[in-house]
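Chains as they are written, first to last, in the numbering used here: chain A, 1 to 319; chain B, 1 to 389.
These are computed hints drawn from the structure, not numbers from a lab.
Predicted, not measured: the structure shown is a model, and the values here were computed from it.
Ideal Cβ positions, reconstructed from N, Cα and C, are used throughout, including at glycine.
Errors might be hidden in some of the hints.
[Stated by the list, open to error] Restraint-style ranges between C-beta atoms, simulated for each label pair:
id	chain 1	residue 1	chain 2	residue 2	range
1	B	A109	A	V188	52 to 58 Å
2	B	D216	A	L265	43 to 49 Å
3	B	P309	A	I274	45 to 51 Å
4	A	G95	B	A345	20 to 26 Å
5	B	L344	A	L192	37 to 43 Å
[To be verified] One-sided and incomplete, this derived list gives chain B residues near chain A with beta-carbon spacing under 7 Å:
id	residue
6	G184
7	S197
8	R201
9	P203
10	E242
11	A246
12	V332
13	A337
14	G339
15	A343
16	I350
17	V351
18	R355
19	A359
20	V363
21	D365
[Said to hold, decoys possible] Some chain A residues close to chain B (C-beta under 7 Å, calculated; not the full set):
id	residue
22	V79
23	I94
24	N131
25	G132
26	V135
27	R161
28	A307
29	P313
One letter stands for each residue in the lines below.
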Amino acid sequence: MSNGKGKNRKKPRARSPRPATRTTAPTKTAHTASSAASPGGLLGRVLGPAVPPSMSEMPTFRRSLAQGFLLVASNAVLVLGALVFVYLVWLVLIGFGFVGTPLALTQMLAMPPLSTAFDTQNAISLAGQQNGLIVALPLLLFRAVVVGVLSGLLVEGFERRGSTSLGGVVRGLASFPIVLAYLMLSFVALFLAQFGSVFGPGLGTLLQVLLPAFVLWALGFVPFAAVREGRPLADTLRRSYAAARTPGGRHLSFCIVYVLLAFVLPLFVPGRSIITANPAPGTWIGLYILSFLHVGFTAAMAYRWLAVESSVPETLARR
Amino acid sequence: MFVTGPDALYAFDTSTGTQLWRDARDAPPVPVAVASVGKIRAVVYTTGRDADTSKVIAVDAATGKEVWAAPVTLQDVSRTGLTIDGGRAFVGDESGHVYAVDLADGAIAWTGKTPGKLAGPVAVGGGVVVAVAAATDTSTSTTIVGFDESTGDESWSVVPDAAASFASLATIVDGNAVVAFPEGTVQGLSLEDGTASWSTRIPALVSPFVASAAADGSVLVADSNGGVHRVTPVGDDGWLYEFNVAILRASPVVVGHVVVLGLEDGSLGAVDRDSGHLVFHTAASSAPIDGLAVTPDTLVVVRSGAGRPTITGYTTDPDGRLLDEQSPTVPVPGDLALGFVLALAVGAVIVVPARMLGARRRVEDPSETSGEDGRDERDETDAPGQEWP
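Construct the complete structure from the given sequences, taking the supplied hints into account.
Next up, the structure:
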């Protein structure tokens with residue numbers, strides 16, 4: 001619980017019960033910012049109006065990440081659960097006859113659609129190119145459970161100021177249908193990203209980085225919204241998209257930075273390219289640190305959703 | 001021992017490494033073949049860097065003198081080397097032609113055509129000549145073509161289900177042409193009609209310049225990641241040994257009870273055919289291994305790369321001790337348990353200091369920290385001096 005000494009908490013309020021059914025309405029601030037700004041061009045229309053970050057409902061990068069990592073680092077369930085989960089997934093992969101490098105684990109706890117992409121790659125490694133896509137579909141169910149449970153724990157972690165319980169797991173599991181639908185949408189997006197190669201190696205690669213970032217930007221709040229609000233799918237998708245367009249949030253930049261890091265950081269995992277069933281200690285440590293970073297970023301994402309949730313308009317502003 | 005370089009064909013004494021003679025040629029280095037031409041033991045090889053100069057030549061192995069009245073003229077450059085069977089030499093070229101050359105007089109018996117280009121030796125067995133044609137552009141796929149060995153008529157043609165621009169070289173094993181496809185399957189294609197008699201999966205690509213080795217009904221496949229797989233038509237008794245060093249140019253060869261591999265780091269590895277355990281692995285070299293050849297008492301290794309090509313002969317070391325190491329892809333319980341211990345350790349390294357520093361007390365619920373007007377009070381600390389409108 002809060003110690004009530006936070007210097008930036010002027011008016012601490014009693015924590016309300018789970019606000020899952022809270023009816024939110026656009027705030028005056030959001031209205032003002034939205035109507036005052038006049039975004040230019042297609043990108044401006046998609047991303048929302050330009051507003052200085054200091055005036056935004058969306059927390060800054062620094063605050064989002066600080067809170068995300070504070071929550072995860074201070075919670076033994078989140079840290080140990082995540083790391084042991086990565087370890088157990090490796091055992092399962094090996095048990096199913098997986099032959100490959102520990103790179104298969106680098107995105108195991110990444111936010112979708114990155115994790116979905118790696119599920120597909122691992123499925124192809126196990127079952128071959130033709131059967132891999134068929135195997136990848138059931139893996140979406142597994143991934144939906146993982147994403148749902150992690151989202152439930154992270155949301156609860158913030159709501160309870162750092163502590164988590166079985167209730168968070170249950171809330172996460174309850175969000176399963178919405179999360180599964182979100183993952184299926186991500187899967188389709190990734191499938192389309194494969195065609196990026198037709199634009200040549202340069203533009204194709206750029207597209208393969210930007211498309212996951214865009215999907216994460218537009219739909220990345222869906223799991224947290226599903227845990228918190230339990231609305232129908234269409235409503236949840238719309239609210240995630242609306243939250244992503246929070247004026248001045250620089251949320252797309254946040255997502256691009258995350259996706260780039262997710263692509264680059266695995267290159268620093270020692271022994272990443274060695275095909276083995278028995279990763280070296282340095283490889284394990286690198287994988288665990290990477291997994292911790294993924295969960296920390298996911299927590300930052302949850303924090304961002306919680307911060308803007310109440311200001312997300314019920315209907316999308318038409319421009 | 002006969003080896004081609006870019007400017008000559010060389011003859012060496014395998015026991016001493018002494019050069020016996022050389023015959024000038026101007027062509028990419030390719031494998032050569034040794035065959036009987038009448039009573040003469042001849043070396044047959046290709047030469048020429050373009051379609052106008054591409055030829056097959058046979059020379060006396062003892063003297064280096066040409067044995068045919070005239071070289072065989074090909075329609076395009078050849079890099080496949082020659083395969084000898086039943087008094088004929090079979091060779092392919094970059095335009096996809098396959099030629100059968102009568103060794104007796106150097107006459108072309110027949111010419112076949114594949115829809116791609118040929119990168120390595122054709123396989124001959126069971127009365128069929130099998131050529132693996134690589135795709136020539138992105139709109140086509142690799143094609144495996146079987147020709148009647150006697151007439152050159154096309155017996156069958158196979159395009160893999162999953163479009164692929166290349167496949168491994170073919171090896172004839174028990175009435176099948178064994179080919180590894182890029183989507184991760186090794187298939188035994190019936191020499192009668194090209195249908196897949198059996199198929200098994202390996203989790204890696206096989207280089208288009210590498211053929212499999214066969215012994216006792218099993219097939220030994222070297223993949224481009226450095227894995228050596230024993231596969232069998234019935235799918236049992238298989239194993240994998242992983243070198244973690246690419247194998248791109250040298251096909252594996254079977255020597256006694258081991259299969260020998262030439263690796264891209266220049267090292268030489270050998271794996272027991274029964275157990276799949278490593279038997280020996282030499283130190284890395286500055287140049288990758290291009291090819292392996294076996295004589296009764298010597299293993300000959302050709303290395304090229306960017307530096308000066310070398311030919312090294314290896315013989316049995318009576319004082320040497322063989323290894324017996326299993327593949328790193330075999331799970332070792334102790335090593336795997338270490339991963340669990342490290343998960344706990346890394347978790348503790350993260351959580352304990354964070355808890356000691358009071359990280360949890362600083363965790364906020366942002367849904368409660370917003371002001372009544374929806375403004376987040378954090379902004380006052382993040383951007384001091386700026387006013388909310």
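Verification of the hints:
no.: 1; hint: B:A109 <-> A:V188: 52 to 58 Å; in the structure: holds, 56 Å
no.: 2; hint: B:D216 <-> A:L265: 43 to 49 Å; in the structure: holds, 47 Å
no.: 3; hint: B:P309 <-> A:I274: 45 to 51 Å; in the structure: violated, 30 Å
no.: 4; hint: A:G95 <-> B:A345: 20 to 26 Å; in the structure: holds, 24 Å
no.: 5; hint: B:L344 <-> A:L192: 37 to 43 Å; in the structure: holds, 41 Å
no.: 6; hint: G184; in the structure: holds, 5 Å
no.: 7; hint: S197; in the structure: violated, 19 Å
no.: 8; hint: R201; in the structure: holds, 5 Å
no.: 9; hint: P203; in the structure: holds, 5 Å
no.: 10; hint: E242; in the structure: holds, 5 Å
no.: 11; hint: A246; in the structure: violated, 11 Å
no.: 12; hint: V332; in the structure: holds, 5 Å
no.: 13; hint: A337; in the structure: violated, 10 Å
no.: 14; hint: G339; in the structure: holds, 5 Å
no.: 15; hint: A343; in the structure: holds, 4 Å
no.: 16; hint: I350; in the structure: holds, 5 Å
no.: 17; hint: V351; in the structure: holds, 5 Å
no.: 18; hint: R355; in the structure: holds, 6 Å
no.: 19; hint: A359; in the structure: holds, 4 Å
no.: 20; hint: V363; in the structure: holds, 4 Å
no.: 21; hint: D365; in the structure: holds, 5 Å
no.: 22; hint: V79; in the structure: holds, 5 Å
no.: 23; hint: I94; in the structure: holds, 5 Å
no.: 24; hint: N131; in the structure: violated, 9 Å
no.: 25; hint: G132; in the structure: violated, 9 Å
no.: 26; hint: V135; in the structure: violated, 13 Å
no.: 27; hint: R161; in the structure: holds, 5 Å
no.: 28; hint: A307; in the structure: holds, 4 Å
no.: 29; hint: P313; in the structure: violated, 11 Å
Violation of the numbered hints given earlier is confined to hints 3, 7, 11, 13, 24, 25, 26 and 29; the remaining hints are satisfied by the structure.
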